[in-house]
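Enquirer: Model the full assembly from the supplied sequences, consistent with the hints where possible.
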Amino acid sequence: MDYFTSQPLDNYLTTLSETGLVRIPNFLNEQIASELESTLSNLNFDIAATVNGRPQLFTTEELQRKPNQEQQQLFSHIYEQASQGIGFVYGRHALRETESTVLKNFQTQINSEELLKAFSNVSQQKIIKASAQATCYQKGDFLTRHNDVVPTEGRVYAYVLGLTKQWHPDWGGLLQFFEPDGTPTTSFAPQFNSLTVFDVSKIHSVTYVTPFAKHKRLSITGWFRTK
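Okay, so the sequence shown: first residue is 77 according to the numbering used here, each after it adds one.
Take these hints with a grain of salt, some might be off.
Stated by the list, open to error - Derived lysine-lysine pairs resembling BS3-like cross-links, with alpha carbons at most 25 Å apart:
id	residue 1	residue 2
1	K303	K205
2	K205	K278
3	K215	K241
4	K193	K278
5	K202	K278
6	K202	K241
Claimed, not checked - Derived CB-CB ranges, DEER-like:
id	residue 1	residue 2	range
7	T261	P131	21 to 29 Å
8	T90	Q145	49 to 57 Å
9	N87	V225	21 to 29 Å
10	P84	R221	29 to 37 Å
Since the hints were derived computationally from the structure, they do not count as laboratory data. Virtual Cβ for every residue (Gly too), placed ideally from N, Cα, C.
Expert: Listed below in structure tokens is the structure:
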């Protein structure tokens, strides 16, 4: 069984070259995508958040051990930062630490010679690897506006593999792009088995997931890198 669908990527890569942004539907073999979705649905995610202006990672157990008042104070602080355009909170699982064969296989495939060469050709840079993390956005989660430029990591393109089978755009969780002045431009609702790829200089966010969202927003994200 092929890991990726057999659709040609040339037109999508041309769009990426011209605009710095593209969404590729039906990226993986459907069975593979369903296995990834099932794996993420049963995964234990740590909680990534910005606290006092710095990124921190909590296990679910660590957070649950905190007294209720301390938890409330923590999230009040996180949301207060967000009101000023700072920070994030969402579920995260680093694939380099995973014991899941399904996720390890994805990491191998996203680093295939064929894909790295294709994105190297588009960017005209020597991309040597793709990083990967599983993410889970649920009620109350968000990621404020930012870009993904990190020169020390050699990031060229960011990618988001959507693994949510059912999502309504009114639930939030949109991948939203912006002009430098904050004017919204393109936005993408979560779409199962789609790969969204964009230049790391593009300003973007993940909009707040509403309290009435019925499902979790699951994805695998990462960067195509020269270092």
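Enquirer: Hints numbered earlier in the text: which of these fail when held up against the supplied structure?
Expert: Number 6 - this is the single hint that the structure violates.
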